[in-house]
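Undergrad: Now for the letters of each chain:
Protein chains: 2
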Amino acid sequence: MTVKRYLDDFAAGDRFSTPGITLTEAQIIDFALCYDPQPFHLDARAAADSPYGGLIASGFHTLALGFRLFIQNGMLSESSIGSPGIDELRWRAPVRPGDTLHTQTEVLEMTPSRSKPDRGIVRMRYAVRNQRDEEVLTMVVMHLLRRRPCGVAV
Amino acid sequence: MTVKRYLDDFAAGDRFSTPGITLTEAQIIDFALCYDPQPFHLDARAAADSPYGGLIASGFHTLALGFRLFIQNGMLSESSIGSPGIDELRWRAPVRPGDTLHTQTEVLEMTPSRSKPDRGIVRMRYAVRNQRDEEVLTMVVMHLLRRRPCGVAV
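In order, the protein sequences belong to chains R and C. With positions in the first sequence counted from 1, the corresponding number in this note's numbering is that position plus 363. With positions in the second sequence counted from 1, the corresponding number in this note's numbering is that position plus 363.
Each statement offered as a hint is correct.
No copy is singled out in the list; a pair is fine if it fits within one copy or between any two copies.
Derived lysine to aspartate or glutamate pairs resembling DMTMM-like cross-links, with alpha carbons at most 25 angstroms apart: (1) 367 / 441; (2) 479 / 371; (3) 479 / 498; (4) 367 / 472; (5) 367 / 377; (6) 367 / 481; (7) 367 / 406; (8) 479 / 372; (9) 479 / 497; (10) 479 / 441; (11) 479 / 412; (12) 367 / 412; (13) 367 / 469.
Everything labelled a hint here was simulated from the structure, so no lab data went into it.
Next comes chain R alone, as it looks inside the complex (with noise of 0.2 angstroms):
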């Protein structure tokens, strides 16, 4: 069973991993065709001619299984109550086909709300690995999330 996690349970410098998710070509063009429509993400021929030599994954679909990897570990499930937002997200190599992914995150940073006693925001780092151990995706994530309730045992 997860442990779950508050505001109050994060310090800078906790480190987190998760499991992996191998990625298919059908799912790359599925999220693509939604959201991405774009001919290397698409299209395997033009693709093929493209800088990239082949299908590549959106990466907004990158971000959203990277995210969803840590959120499902369920340790935020009673805290978070969303994010104010993203900084210095960054696509550092480019998502193929058959690539697994896995999330590591680091706790830069845990400050406490100044005008609302019951919550803070957790600043995380996000790492998007794949199975060379590659980065293939950075950003720091905002977590909104709320301290841990009175009666509430650690």
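With the hints as your guide, set chain C onto chain R.
TA: Frame of chain R; chain C shown alone:
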């Protein structure tokens, strides 16, 4: 027919606006199930008890749709070769079932590459707005674009 644009066809201050798209509850739940399985995106009853008072779209869903609305205009279909990243992404207001979104973009800067003479970066501020013209998402996207090839008429 959409006029195809290359790197050199953009200048700071250029503005573009897209048609709208109405987001359904089913789309919100389907996306969240795949990419952002948090109760306020998935479970109408839990969402009613959340700070949002009802189901809201995953921010990654709003992001991907906001990008798609722009890219589908075809303006970049000959020039786009991807993106190195995004800066200052902010989710500014919740997106709810039935909301209609459109995207406004403004060119901040056009910078030819120093090392690769056939391409460069256009930095664009995106604002995704709802039917009340409220900004729901803003960000700065770096578009990597080809320069106009020799022999292609303006």
